[in-house]
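Residues per chain, in single letters:
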Amino acid sequence: MYEIPLITADNFITYALNGVSRGMIIFLVASGLSLIFGLIGLINFAHGAMLALGGYGTYIVIQATGNFWLGLVVSVALVTVLGFVLERKLLYWIYDEPLLGFLGTFGIGLVIEEALAVYFGSRSYTVPSPLPESVQILGVSYPSYRLFVIAVGAVVALGVGLLLAKTRLGLEIHATANMQPTAEILGVDTARIYTITFVLGTALAALAGALTAPITSMYPTIGLDYITMAFLVIIVGGMGSFKGSFVVSMIVGQIIAFGWLLLAPTYVRIVIFAAAMVFILYKPRGFFGKPEVHE
Amino acid sequence: MSDTMADVREYARGTARRPLLALGVLLVLAVPFLAPSQADLATEALIFGLFAISVDVALGYAGLLTLAPAAFFGVGSYTVAKFVVDYDLSFWLGFPAAVILAVLLAVAVGYIPIKRRIGHVYFVLFTLAFGAIMHDFTFVTTWLTGGSDGLGFFSPPSVFGIDLGGQMEYYYFSLALVALVGFGIYRLIKSDYGDVLHATRQNQLRMRYLGYDTDRELMIAWVLSAAVSAFAGAIYVGSVGIASPSDISFALTGDVIIWIIVGGTGTLLGPFAAAVGLLFTQELLQNLWQGGYRLLLGLLFVVFVFTLPDGLMGFVRDDE
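Chain order of the listed sequences is A and D.
1 is the number of the first residue of the first sequence in the working numbering; add one for each residue after it.
1 is the number of the first residue of the second sequence in the working numbering; add one for each residue after it.
If we strip away everything but chain D, and leave its shape as in the complex, we get (with noise of 0.2 Å):
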């Protein structure tokens, strides 16, 4: 049995990795064609991926156990949202104020945790409480966020001659960006910053001892991981056009941290399709029995966490 399991892993790995890497971006570039109702959703399946890949290199790489990752991806979404509607600029401005805003926050909100080296349970319960603030905060400051009814709606612009506001295009424009950013987050983690991220999260005294300056490493995760996640939530406001408070929700931080775990932490490829996978089980399962599909996610996340700590392994090492 394991043995075949092996091989199956082996065969993946190794002959047929190319094949079927190119089979998936495939498929990835052909869905608009495949399956045309489904390109919003596919949209979305993307950007949540990106969203999914950025929390994890906090989550699952530098071992910030995050609770507020929603709170940056909302930043992204409203600071577009509020270019756009608000303040009648251009769409394209609103992505850098969304990411230089995003690493304010992120540098404002972790830079003492982290310094201070606050460890796990109190950096969990630091991070529930700013998520929390973030959420309340979405709320109450009517004129600036809209309150519950958000900021909407408005339709992304047409650039070289092609109207971003049509399901297809904005499928391919997010694709590029996803892919772009993916790109770049998969190279730095290849490289030497990620193996000190590694090590970092795994023996964090001993690469103190060895010269690494540990605090600055997860700074530079949380930052970054925060400012990708704005990203995410800039490109998801163009392809719903609204910025609402469930952007900002915990219940988006659930749903993250589901993705991650169930795809696997300390994983790029895992998140992502864990993200894109569930999205579209969501999709089906809506039909079949409304309500239940978070309830089947919950169960499933459960039978993750007490039956697959092989897959969680890397998540639990470095607290001993």
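This is chain A alone, in the form it adopts within the complex (with noise of 0.2 Å):
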């Protein structure tokens, strides 16, 4: 049977650093994925190909140049403009058919994942630690990159929760996403908020890929898994709702770093999705959804 560790005062620090550092991972593919959820009413089953993409890009920036920073940024701006070019060229004739977009991201997705398997055959890739140290904290000898990775999510999540309700764009978001055709007679330009809406988050889904590639390795269909446990955190974070996503990817971020301890990390899995299950039946807005929320 499954044995169960001992836990001491340093080990629950790592693992609830572990959580945290997961935790903004994940938080990063399902604001993406909320984001354009929200407002588009899209469910974006091609948001997990992005994510791979982000990070087979850092890979292969990392095998010509060797700089991990040059891939993070080259693969999350190429990314972010085939996001552009999707959603200009393809993506923007089905917002209104709700299942053909469900389907028509589906098999962008698979295109996406199959190219990648085709390239790189379907054996995972590792990317060394670009900052392979550790560092003192809370009395715990911590790996540095882990730190960045929560940094970065904590940036990104103050970033883009303040651009949500602060600015004018932001304004328009909710507004969008409110009611499409008022916003449009009161001057907003939604189809360019709708650009906006889908690129942002795609650019958080590579951001998501790259940040993951030194953590875990990477396999063509790496996104796959990430995206089914995002729209389980949206949903119960409450569809649409930024603070909602925030709040919940932390929480599985934590029940996925210590629930180790009593179960095999499968069965927390499988914990998380019966626990999504039952709030999809008897919570479908989640603990942070509004009404306004596209359905």
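Don't read these hints as lab results, they were simulated from the structure.
In this text, a Cβ means the ideal position worked out from N, Cα and C, and glycines have one as well.
Any given hint could be a false lead.
Label-pair restraints from in silico Cβ distances [claimed, not checked]:
1. D:PRO96 - A:PHE287: 39 to 47 Å
2. A:LYS243 - D:GLY119: 47 to 55 Å
3. D:GLY184 - A:LEU158: 55 to 63 Å
4. D:TRP143 - A:VAL73: 34 to 42 Å
Mind docking these for me? Both chains are given alone in their own frames, and the hints should help you get the complex.
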């Protein structure tokens, strides 16, 4: 049977930090999905493929230049451009048909993942950590790269949160999500808002992919695992709620980090999925969902 | 251009319908003689064709957007494999057990979401979670499912002196079962129930006002779809001899959705033909371009979704 390991204060802090960094990655994926879903009503199944592209893009640049930071920037930029092109050239036409949107993004995701599989093979790749040293924090020695991930996640959460809450653009995004025709009449260029939101969401997925590359190994379908988790996070957090995705991502990160003390990791996943199913049935708006959100 | 298309369609529906049907039946019957080495593949194609039909009953006819068809297919294949490999019971006993188990599971999973009418988006995500749980479950419950090794190997038994372990024998065995169940579904869809299902998908509220218990109608379609999926899974495991986690994977769910979309939702022949056709295409391509098949399949699917919305309209109509 599964052994329950002893836990010391040091371990506790390490696990908690692991949970935060894991939660930040999930948050980056979930917040992008949630933005796209909350505004456009698009179940974006290509999101996971964007994450994979971000990771593989980083890998390619590292192979070429040896510089992780360059890889991070270049791959996120390229995937952002791809997101822009996809939105303008393809997805824009099917916003009125949510089911086509779901199928279309599913197909696009499949094409990207299979292209990766053809090019790289299905074996998994790893990227060396750009910050291999550890630092002392809260009395434990902890890898600095993971702290970097936590910092990036926090900055993004704060930045996008402020963007949505305090700026004109954020206001226009809320207005468009709430009542697109009215926003259009009142002078909001809603087509532009859709594009910006989709591209922003895609960029967040690519960032998550690039950041996760040195932590976990990459394989073409890596995105599927993340988006399944992320979809459930945004349900529990409340569809379209940015705050909700953040809070629930953090909780899920901690559950994953500590859950394995009690249960095998796969059981932890099963428990999270089962909890999400219960939420879908009995509290479909989640903790922070607003009635304005597209269904 | 469109006139010629219309003529062709008219021709295929009218005068040429019976001869075409007869030709199709002949072709299916003759496959093991025309291409003996491909009998296994043909068996697989038939079974996946039945699987596609069963999923289309839920997806295309009832409008229940499920992302968990592979879960029920896997229940079928694992039940039969479990019975034969671990319990040393009869292969035949596995079939009813698989169907009963799938029905129970379908009721347990589908009852509340259908009753509460949670809407398309939530149904997609609900079944996505269910499918993920079932897949994870196969990996962790090693004592029950054999984990990543699966449950195998075994051969189907002999019946009336015919050894079903042979490729050709199993092909005809599968053909008989697929034809029987497929015909049953065809009759059901052509019956009043099929019309009720059509109407429910298009305007549920109106059907309720007309006095139909739409929840019950959808529930029947959902359970039927699960039962036939499991039945297909049960036939499948007899052909390959092992139940493995790929039977229950999201990849299989993706495949079956592609077959249905390419073939046309809300039709029976379409998904069946697409499953058979694409499976043979895969085999052909496998030798030319290893690994490229799924990429091309994905491209084909995207092209269908974006350029042939007519074929998809039945799927989409109900959302408005």
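Hint by hint, here is what the structure shows:
As the Cβ distance of PRO96 of chain D to PHE287 of chain A is approximately 44 Å, the hint placing it in 39 to 47 Å holds. For LYS243 of chain A and GLY119 of chain D, the Cβ-Cβ distance of about 23 Å falls outside the hinted range of 47 to 55 Å, so the restraint is violated. With their beta carbons about 59 Å apart, GLY184 of chain D and LEU158 of chain A fall inside the hinted range of 55 to 63 Å. Look at TRP143 of chain D against VAL73 of chain A: about 49 Å separates their beta carbons, and that is not inside 34 to 42 Å.
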